[in-house]
Amino acid sequence: MTMVKTFPRGGVHPPACKITAESPIRTAPLPPEVIIPLSQHIGAPATPIVKAGDKVLAGQCIAEAGGFVSAPVHSSVSGTVVKVDTFPDVSGYRRPAVQIKVEDDVWVDTVDRTPDLVCASDLTPEEIIASVRSAGVVGMGGATFPLHVKLAVPPGKKAELLLVNAAECEPYLTCDHRVMLEHAAEVAAGVALLVRALQVERAVIGIESNKPDAIAAMSAAVAGRPGISVEPLRVKYPQGGEKQLIKAITGREVPPGGLPVDVGVVPCNVGTALAVYEAVLKHKPLVERIVTVTGPALAEPANWKVRIGTPFSWLVNLSGGMPEDTGKIISGGPMMGKAAPSLEVPVTKGTSGILLLPASQSLRRPASPCIRCGRCVTVCPMGLEPYLLSKLSALSRLDEAEQHHIADCIECGSCSYTCPSARPLLDYIRLGKAVVMKKLRLQGRK
Amino acid sequence: MMKNSLVVAPSPHIHDAASVPHLMRDVVIALMPAFAVSVYRFGWGALYVAAVSVASCMLFEYLIQRFLLHRPSSLNDWSAVVTGLLLAFNVPSNLPPAILVFGALTAIGVGKMTFGGLGNNPFNPALVGRVVLLISFPVQMTTWPVPQGFSTGIFDATTGATALGILKESTGTVQEAMAQMPSYLDMLTGRMGGSMGETAAAALLLGFVYLLVRRVITWHIPVTIMATVAVFTGIFWMADSTQYASPLFHLLSGGLILGAVFMATDYVTSPMTHAGMVVYGIGIGLITVLIRMYGSYPEGMSFAILIMNAMVPLINLYIRPRRFGEEVKRG
Amino acid sequence: MNTILFTVATLTFTGLCAALILYFTSRRFFVEEDSRIDGVQEMLPGANCGGCGAAGCRAFAEQLVGADSMDGLRCPVGGDEVMKNIAAYLGREVQAGVPQVAVVRCNGTCENRPARQHYDGADRCAIAHALFVGAGGCAYGCLGCGDCVAACQFGALSMDAETGLPVVDASRCTACGACVKACPRGIVELRKKFPGNRQIYVSCVSHDKGAVARKICAAACIGCGKCQKTCTFEAITLENNVAWIDSTKCRLCRKCAEACPTHSIVERNFPARRPAPEAKPAAAATVGTPNQA
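Going line by line, the protein sequences match chains A, B and C.
Residue numbering for the first sequence follows the numbering used here, starting at 439 and increasing by one per position.
Residue numbering for the second sequence follows the numbering used here, starting at 2 and increasing by one per position.
Residue numbering for the third sequence follows the numbering used here, starting at 460 and increasing by one per position.
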């Protein structure tokens, strides 16, 4: 019995609810129409290069990166551009997007869509990064940070370790789990490419120990690849938090306001590794991803391989339709996902799951006064005092909140989850953090 | 909420099952073994004290919320029940009802509601009630009935001194005082005089285990208090065992276990961090022993907890959790 | 006897020592301060609302005393009278400002813009704003959590339970601007105060295109520009699909309100219109409803 690693401070244990862990990935049929947002990543939105009436092929670039911290966007289907306009995103706010009417399924001919495994050749790091960049690969764990920016290690810093995040600590979500089971070899190849691109010696794939099958599959897949290993992790939320994962595996702590590379680590999600493999060796841009469609009342919860831009409603209908008593639609997991105002929202590069909660689980308990039990302090993985930050933020005493490190909050939600008085701690902390972060950015010392 | 309309809220979208009423109810459950032993030992007196105390605490909380603060009733959070039970545990089982009701009024009215209700009181309400009664009615509050079960009435029970009282009053050596005292087995099972709920150490410890298993409290406060008392009294005892009682005696006598497990761990009036809890526990342990050895009262647990309650804001100010990444460790 | 003498002597000595220490510390740490600051502070309303831009009345008094002229310094709460008094006290000149009043530019009532979702987060507009478009589906309209009401120190704002929108009590509003800063969507505007609290304004700030805006809210400004054409005083500008009436140019003729196809131009506190022979009665009735507020 080996000791499974974990981060030492804080964390909670929400029920796993991994309903779809045993469901193989299914390829979703094409919807009649897709809406492809131009801002599916952190950074500048992409600039559209198509107009209404243009014919596009699947895999064709429809918008170029709007800057260095940005990523190009490709059409996920073949068809005709209906319009380039603003469409509601998951928050309901209208953002620029391209609407395409689906006609057939014709791909750009450079894309290799065969399932054959291509072996890594003698690509240089520059070639790999260029492929990743032109394929529009972004972090697929949810943060959607353009990957080529992460791979370009800033001068003066040195990456020593690639950390592949396969913890999947969010309840309900199983897309990473299924990817590891069904595409272990491809993921391993992707990891090898990333290792080469970063010119590091070592890569560790961190997997929560409640997925022994995934640990076995990945261990077997990386067996022939020196330097790449698999590390089981204790089941604890937020094990998949970037800083918590680095702490668990390397024992190093990313300094406040710092980046993982400050401690020599470059983290990336397991789905990203698969996307890197497809981008570099199969010449396939990021136009598809695995989405877990789940919920306690859903008739056929499943893991779908879907084209970017597919409406949530299409996937939910494929999974048995929206249950009568649905009270909340969540894009992502229940701890950090965003509640969507409707199902008419497109899947983006960062959509890991669609969770439908029944009405009975949708409303929060009414908040009662803080009893100063200190549980929020105990569970905070960042060593903060959520009860205090929340209060300071609610009173707009943001200078004090800044002194108490409100900017360190990773918004994991452990405090709100655990509060016996059901106080909306994170709501207020997030509010104050946004203001403080804006101020820090203006001061130019992010 | 409108029919069929979707809910939109910031994350997280799920919540732990534990709530304030749950936690308070668990405390009540944890108190039950000790209460059962008290009823067995003190008979009708224990039942009467608990009933009057809980009922009057709930009544006062309701009345104050309703007519003075004009707020919705907070009875459903069970905190008044806990306060009532703890107050009952801290008084002799033959206390005249008027005094007990006055104690409940002090506990809820002065100890809790004056500060704005649950969550805002700096001092443990039950202890505020108890200490005010102890100072105002010293005779009634220290007339301890001898455990006789249901064989006598409430107010005509035979009375005697507590173990700590005997120790304080005795002029000879500890061994002479010990001769008049209950055995350690009696102390564990509550066969001695004392406040209604403090006597049965074993039953109280059973409650402690329950609270730990249910994750209502952590071990930090009770264990540090007991360890501090044991170490501190142990040093004196080893230095001169004819003058000072043994650590085991100190642990099992008086309200030490009741205080350490149920009173000092009150969420509202204890520190936020585990490190702070340890400091708080050590403080309570030290003050308790100092009062027991040098103070004019035989027992110092209540005072020690109240004094450390006052220190809690200071502890929270100086003992903070360590910020993640503060000192970069190269592993 | 000796005991008494000793006690008296030691107490006197201790008292003297303490007095000396107090005397020297107060001398040592004495802060030189313009005495006029206290005088000016006395004249200010003392609400510490921050409407002047300073952190509070004391800070504003310091600014006033320290400044060379009264330009740009104005207490919106005290208004002209207070500023005149202060100017006289400091021996300076002051120009009269234009009295203003806060106006809520959203008419997304429960009927005009029915709720599509139920917001279940902490009851703060700023939090809801950062999260999503709002239950009404409008990305620019009122969220109804009452951040402006909470910000008002003068009790001039209240939520109308029926419409779900905040209502300004013009008699209490001091135009301090706290609500303007509090609103995350910039709906509240300080406008010129007209006699009898009459007010005519575009009660919508939606930048959405006409068709989109109209679909979301029945009372949305669709940016058609009809009001602009009717206005004879060039008071109306059209930008980002939304019209805006410049209250300093407006003469309250009310022609624009008649022209507005969605009735997004609201008139308040006007006497009832004379029944014009050709005016549509239904339209007049709808326009007239906000008068009761």
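These are calculated hints, taken from the structure and not from any lab test.
Please note that a few of the clues may not be correct.
What the hints assert, rightly or not - 30 Å max Cα-Cα, derived DSSO-like pairs, lysine-lysine:
| id | chain 1 | residue 1 | chain 2 | residue 2 |
| --- | --- | --- | --- | --- |
| 1 | A | K539 | C | K668 |
| 2 | C | K668 | A | K829 |
| 3 | A | K493 | C | K668 |
| 4 | C | K640 | A | K489 |
| 5 | A | K521 | C | K668 |
| 6 | C | K543 | A | K521 |
| 7 | C | K688 | A | K876 |
| 8 | A | K521 | C | K674 |
| 9 | C | K640 | A | K877 |
| 10 | A | K596 | A | K829 |
To be verified - Covered stretches of chain C, going by a simulated chain A footprint (3 or more residues, C-beta under 8 Å):
| id | region |
| --- | --- |
| 11 | 529-536 |
| 12 | 689-702 |
Cβ atoms here follow ideal geometry from the backbone N, Cα and C, with glycine treated the same way.
Status of the hints after comparison with the structure:
At most 30 Å may separate the alpha-carbon atoms for a hinted pair to count; K539 (chain A) and K668 (chain C) meet this at roughly 23 Å. Using a Cα cut-off of 30 Å, the hinted pair K668 (chain C) and K829 (chain A) is violated, with the two alpha carbons roughly 39 Å apart. For a cut-off of 30 Å, the pair hint linking K493 (chain A) to K668 (chain C) stands: about 27 Å separates their Cα positions. At most 30 Å may separate the alpha-carbon atoms for a hinted pair to count; K640 (chain C) and K489 (chain A) exceed this at roughly 40 Å.
Between the alpha carbons of K521 (chain A) and K668 (chain C) the distance comes to roughly 15 Å, so the proposed pair stays at or under 30 Å and holds. At most 30 Å may separate the alpha-carbon atoms for a hinted pair to count; K543 (chain C) and K521 (chain A) exceed this at roughly 60 Å. The suggested pairing of K688 (chain C) with K876 (chain A) is violated, with an alpha-carbon distance near 41 Å, which exceeds 30 Å. Using a Cα cut-off of 30 Å, the hinted pair K521 (chain A) and K674 (chain C) holds, with the two alpha carbons roughly 19 Å apart.
Among the hinted pairs, K640 (chain C) with K877 (chain A) is consistent with the structure: their alpha-carbon atoms are about 17 Å apart, no more than 30 Å. At most 30 Å may separate the alpha-carbon atoms for a hinted pair to count; K596 (chain A) and K829 (chain A) exceed this at roughly 40 Å. Proximity of the region 529-536 of chain C to chain A, defined as three or more residues with a beta carbon under 8 Å from a beta carbon of that chain, is not established by the 0 residues found. Using a Cβ-Cβ cut-off of 8 Å, 0 residues of the region 689-702 of chain C lie near chain A, which falls short of the minimum of three, so the contact claim is violated.
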